[in-house]
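*Asks:* So the sequences go chain by chain: A and B.
Going by full-length UniProt numbering, the first sequence runs without a break in its numbering and finishes at 673.
Going by full-length UniProt numbering, the second sequence runs without a break in its numbering and finishes at 472.
Honestly, I wouldn't trust all of these hints.
Claimed, not checked - The calculated label-pair distances, taken between Cβ atoms and stated as ranges, are: (1) Leu164/B x Lys56/A: 56 to 62 Å; (2) His171/B x Ser145/A: 20 to 26 Å; (3) Ala110/B x Ser658/A: 24 to 30 Å.
Stated by the list, open to error - Facing chain A, from chain B, some residues (calculated, C-beta under 7 Å): (4) His76; (5) Asp391; (6) Ser420.
Hints are computed from structural coordinates only; laboratory data are not their basis.
All values reported here derive from a predicted model rather than from experimental measurement.
Where a beta carbon is used, it is the ideal one built from N, C-alpha and C, also for glycine.
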Amino acid sequence: MEHQRSYIYTPPESDERPAKRQKTDKGHPHSLRRERLQTFREIWAEQETRIQACLKTTLEEADEATQENIVRFVAAAAERDQELRASIPTGLIVAGPSIASHGPYFERLGRQVKESTNSAYLVLTSGESPNLKTLLKNLIKKATSLADDDDDDDLGRTTGPSRNGPRLLDFDLGHLQKWQRSINYRTIVVAIQDSEAFDSHVLSELIDLLHAWLDRLPFVLLFGIATSAESFEDRLSSNALRYLEGEKFDVTQSDEIIEELFSTTIASTDVALRVGPNISRRILDRQKDHVQNVQDFFDGLKYAYMSHFYANLTSIFLRDDLAVKNLPPDVFEAVRNLPSFRRWVGGMLEDGRAQDARNALQSDKYLFDQVTQNVTSGQAILNAISGAALVLTRLRQSLQISQKVPLSSIWIKAASGEMLNSPMLREMMLSVKRMSSDKFLQLLGSLQDLEQTYFPIDLDSYQSKLDVMISENDGAVLKTQHDVRNDTLRTTVVAQKVLLSKHKAALSEQDKAYSELVAQFQDELDQYFNTTFIDPKELFLIEILMYDLKSPHTEVFQPKPRFAVERALAAPHDYLGCECCSGEGTRDGEAALFSTQPATAILYQLYVESGSVINAADLWSAFNAMAGGEEEDDESKTMALFQRALAELRYLGLVKPSRKKTDHVAKMMWKGL
Amino acid sequence: MLPDEILEQLNAEFPCREFQLRQLAALYSPQLPSPSLLVAHGLTATGKSSIIKLYLSLSGLAHAVVSSRECITGRHLLERTTSSCLDALDEHYDETNDRRPYVRTENISALAVNLAKMLEGREKFVLVLDGIDRQREMPHTLLPALGRFGELIPNLSIILITTLAQNLALHKPGVPHLYFPPYPRAAVVEILSLNPPKIFLEPPSLDLYPDYTTDVAAEDDAWLWNRFLGAVWESLSKHTGRDLVSFRNTSMRIWRDFVKPVVDGTFGTRDFSRLMVNRKHLFQIDDAVLDRLITSSSTTTQTNGVISVNSSRAAVKRNTIQHSLPYYTTHLLIAAYLASYNPSRTDTTYFMKHTDKRKNKRKVRTDAGVSKSKHRRISRHLLTPSPFPLDRLLAIFRSLLEGPVPQLADLGTQIATLTSLRLLVRVGGVGTGDALDAGAKWRVGFGWEWVRGLGRGVGIEVGEYLVGGVDG
């Protein structure tokens, strides 16, 4: 094979074609596609504006403090007397390990800096700065193109060779000096976006050079740091350190931002399409375990929305402006095939409403009315669950329950229908029972700004009642009968044994009245949670209202390339699905060796069993015993198969010729890592 | 200006350099002939460049200074030399030269031609090449050629300023050298005494202390500063950095802390000995002599006394992880550290999950036993990390975690991210484009302290997995 450039592959002929899944469905997967796309766009646009608004507020709030500090720092650097500059003012911006978010951050920072101070702002990334020369060229290019944007009369200025005298080389900072003279910025802010990825030698040289020019060019350096300021400091030469005068700025962590985003998108009380608890959990876990990145969160959410509208015909019912006559019968067929539809009809039959059930099965018009009605009410129920999750979170916060649980996990629990009878809820209700009047006041205050639609308890009446009680009690703190502080322990000694007995202090009139009020509140709250925290999976048309499918999401966002290759080699049947590979006695899932499997797969399994260096002759004899025919003269064909298989393994990067031992190949990859 | 006046002024500005100034004045007087090449050498912060530049500008000689720090390549140096010589001539003779013939200075010969052309028929011209030994990408013919420029251009004299004279390969005998020796103790103290910093940043109100005038304050400042300098030199700078800049930095760093009791009013301005006893901790720790990026003034000025200083240092040390890393990333880093610092043959002892018949012993026979008698063994975590293949990292990573971890592509992404953060460094297989090539080898780019903190964050005591244990 090695002597041939190409060859014609003739597959071994067999009578039967391999078993393949045949398309049996006659339905049109693309029916109403345009409408669904339209619906997706509308609903997603809504979600996106919400995300953008949230990002804008939270990010800006989060950034504001640090950005303001940085801007102030830059402004202070501009104030300094140019003659007295001994060292470059340097801001160390510790922006956290999610390097994907550094770019947008520096962009925002740049806008802020340019707005607030009269500075030029130049960002350098490691990709464009492999060495000092290229770095300087880029720096100059960025600066001078910046000038071209600003004023047009400068366009005629040539940076190329001039006939009039010695020209500056294109990495000479003299260019910057000229540019600075024409524009006269107060400071030139050079931002090194990903300082870790820079060669430390280049950084030290850059600092040295900028310091040399500091008497002519008012530089300010900003370093984006992912790890820590100390480790950054360790990388610089001590000479470079002397030229810098640093200040550190911490940027808010991205997990707080994710939490905020979650509550405004997934757990919001006003969403047309829900993303289910499983996917939400998956998205959040990925953020926690692997990447911390706002953009990824966003992509995951968008993909979930897209999949819902792409693959689910019934999702069309999320549109507002629907009419029966515009909908093809497919849609109703699809609705009738939903598991929740079956449950619903079953329920009707149990209630003895046979006529309704018949209508639902036969009349499209009736079904349409029911569906539209139930979609709206289902949305309201799901929104109520989100609202209750929010209430629960607020209550926990104001009761200062020690174990901090974020809204996201409370919401996920509620959305998967596990909240009722959960210890978390029980614990909360117990502390509501015991709370004293000052806590009660706090609690009412924290719930004050909630939307009343999803929260039926009349807070104002409680507030006024409580106010009256407190004023009657001369402003002292009221306690309930369940308050632990009312319990005292009494010890009595009887026959040389100490007996402990619990004793309740007598309650005052006010306390009694207060206890009643709290009990009433608690009852109402209990009722509210009981009615709201239902299992959404039981809901009719939940398939339309909530997207919670694991399958395409995992494959898209968390692919397993290495696992796929290893599985294909170890268990070719999983992919080929043919008779020859499955074998008779295949233990479930367990890979087994058959002579009928593809040669590469056989060789791979021999490879997996061997040590870190493999004797090629041993491998060959094992392979021959496995795949070779009975006759001796057949060996040449087996050898060809063997060589091809080995070449394929090498191509996959699994083996490498070894120099340690003659006639051996080195094993490069172990299975399951 | 008369030569004597120049010398007087220079001596006032740069004390303790009379000898060098006299030599300069003798060699570069406008009337007398000058040497075609002079090497001025001396360690950093000995006043070489400043003295030469100031002398030349006062003496009224036509001269140009080119700093090698600003030149990226050898060619760059040549180009800059040409243009700064032209600038200098323009300025000195107050005229505008025709620059058209000097468009290019590609190599040293072009420089010779250009310089000869522009200096033809003019008076003496001094060209100063500052820090020529630090020039990046210097062609090796540059220095010998510069040495012979005087033969081609009679009215040019070159001064090379370097730190060490030995490594200048001039290949020319009889070049005059001017040595700037490091300042001795008396000289440094004298120089720094010229500008004593203030004890009181805001002068005490004249109503309360009517007799504490600015004159008295200045006298006190000078008196205390002088004694303080002596103390700093003896206790810190003598052993760590004797040059002027280090000494000044060190002194300035602890000055404000030192005079704090005086400002508070605990001690008088002349209570030097009591002040020393009270503030002796400042002279015992190494904070002041280290060059730090973030000036510690913001962290330590608020504190007082030994304890708080120590605690702030501890805080700095502890604070090395600024942001928490994702869960698996943390484990990957710990695994990488272990892969770098454990010999691979001990992996079976440390990371095998199933219990062997032989009891899984944590004590591993270290190979120190053989060489212990001869050498004192260096603790492993102080050595450079050794490279490891990617699969070993992944294997250790899996054994550190409870339960199975899916083989996600995210793991690869994280390794790539960590590489771009230089927490993992790729050492082998650089030629290939694939970042996760199986043939590549990796190394960690962080130290023991950091990984220990990282491990404690996720509940892993890294020392338990480290061969040979950790002392301290």
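*Asks:* Evaluate each hint against the coordinates.
*Replies:* Okay, the hints, checked on the actual structure:
| no. | hint | verdict |
| --- | --- | --- |
| 1 | Leu164/B x Lys56/A: 56 to 62 Å | holds, 58 Å |
| 2 | His171/B x Ser145/A: 20 to 26 Å | violated, 46 Å |
| 3 | Ala110/B x Ser658/A: 24 to 30 Å | violated, 55 Å |
| 4 | His76 | holds, 5 Å |
| 5 | Asp391 | holds, 5 Å |
| 6 | Ser420 | holds, 5 Å |
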